[in-house]
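Listed here are the chains, written in short residue letters.
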Amino acid sequence: MTTTSADPVTFEDALERYDPVMGMEVHVELNTASKMFCGCSTVFGADPNTQVCPVCLGLPGALPVVNARAIESAIKIGLALNCSIAPWCRFARKNYFYPDMPKNFQTSQYDEPIAYSGWTEIEVDGVSYRIEIERAHMEEDTGKSLHVGGATGRIHGASHSLVDYNRAGIPLIEIVTKPIEGTGAKSPEVARAYVAHLRELVLGLGVSDVRMEQGSMRCDVNLSLRPIGVTTLGTRSETKNVNSLRSVERAVRHEIGRHAAVLDGGNRIVQETRHWHEDTGVTTAGREKSDAEDYRYFPEPDLVPVAPSREWVEALRAQLPEPPSLHRARLQADWAFSDLEMRDVAGAGAMNLVAETVAAGAAPQAAKKWWLSELARYANEHDIAIDDVPMSPEQVAQVQGLLDAGRINDKLARQVFDGVLAGEGTPEEVVARRGLEVVSDDSALGDAVDRAIEANPDVAAKIAAGKHAAAGALIGAVMKEMRGRADAGRVRELILARLG
Amino acid sequence: MSGSNAEISRDDVAHLANLARIDLTEDELERLAPQLSVILESVATVAQVAANDIPPMSHAVPLSNVFRPDEVRPSLTPEQALAAAPQVDQQRFAVPRILGEEA
Ligand SMILES: [Zn+2]
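Just so you know, the sequences run in chain order A and B.
Quick note, the working numbering runs 917 ahead of the 1-based positions in the first sequence.
Quick note, the working numbering runs 29 ahead of the 1-based positions in the second sequence.
Simulated from the structure, these hints should not be mistaken for laboratory data.
Incorrect hints may appear among the rest.
To be clear about the criterion: a stretch of chain A counts as covered by chain B if any three or more of its residues have a C-beta under 8 Å from a C-beta of chain B, and this derived list gives those stretches [stated by the list, open to error]:
hint, region
1, 955 to 968
2, 991 to 1002
Heads up, incomplete: computed chain A residues facing chain B, CB under 7 Å, no partners named [unchecked claim]:
hint, residue
3, T949
4, S951
5, L980
6, V983
7, A985
8, R986
9, D1081
10, P1144
11, N1158
12, D1211
Predicted model, so just to flag it, every value in this text is computed and none were measured.
The C-beta atom is built at its ideal place from N, Cα and C for all residues, glycine as well.
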């Protein structure tokens, strides 16, 4: 049974009658060197089935042993989300048959998560929202299936599947919110801001690369609507694998309209998983929740309980970086940015990048300018996260250093960015290869100035008569001849020296 | 299905068989239901011995916090890993497609 399609309802229209309630489930892949329960490497992009062993292949008799660093990372994430840390908890087997898990169960946590009952705070358009955290629990990632024979790489129409278990057993933390209520028309932005905030938080802890495009952070969006004024929750849909910040926002928006259309038509929402289609911006029905989803959890007998001592937890708490809100306040003071400027930087997801650029020697305003202009544009055009722009904060600071030293000007700087982004080398190498250095050498400039004066006698006469403002036209002519590489200040001095 | 007076119905067995991907005939379902009920009943007698001061145990030894350092150890070679695979394609385990589910 699937939901009957109905006339689409616009987002604005839906919000006049319905109150959305969201729930977010975010999986974070930890950046430990080895897997959760075995010593196999976790390096991304290795040849298929080169990072597997009897434990992560689920061979009979193999025994798992917990990675201490994964536990520490889980506790750190819990603490950063203001969670209580369980003094004693166990792993559990989540039993299901699917080729991505060769053991026929996934080692997870069930009713004893390592971290629970936390909260975190996010901001959208200057308004704070407190997001309650239900739990953060540990589990292991699954293998990767490649469906062959089908047209789209999806299982539908595939004749068989090819499985690579390199990813199986990589430690994951699943962070689950309590229902997020009262966000109304801001729901899509709140969902996005929450995921962006988690990303920043986890990145700050240094426990994951949180690269959404590589799948080291994955997001499921649960959404339900209820008529305004009603307090009981409506039936929810679970949209799986919404894997970019932009998609999170779009998926919430889409589901609000879809639910409203179903409810307006007098139909019921079916509790089901749905698939997000990045290209078309819609979700389609997946599995309906049913009896088949009976995972028969039971305590994992091969792993003894985890009982972090208070001393251990407090030692980890002492290692936490300052929380993003405090960190941001300190940066704002250091950089002398306005609230609006901070919001722009945060909105672009460039807080850490600007901070690193400043640390590498650039002035805060300059660092902000480049990340929010050239580099944000590049990320947008290539549809990648700003962190994945192929230029480091150090390189951005180097370009600014060239500018500050007068070796390039603003226009040339943009060409340097183009070159570095195109993979032509470091800023210095791009300047050298493309010949972008500003010419301030008088003999080279002098000849160009003379030619400009000769070609523009009227302008020259005006300047000679004391109208120094007219010098701009001659400077422009020299710039044009030297393809933007002339030192404008020096050109002006040379013109005035000849005509003044 | 829990508790000491557990009675396992034919439908319970069918459900569990389906979850465990075991194909059972009508005859087998009819035969296994009473057998499983007896097993469950026998196990349930343990509950009569367990007083309130005996906490339930999930592990045979009273140990906790057995960890290993986060160090990479050698993995199998792909040849070793794939040696027992019924079918191999592109250095991956080739398996029949799974019906009724979307990955
Ligand atoms: Zn392994």
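inquiry  = For a quick check of understanding: which of the numbered hints are violated here, in increasing order?
reply    = When the structure is compared with the hints, numbers 2, 5, 10, 11 turn out to be violated.
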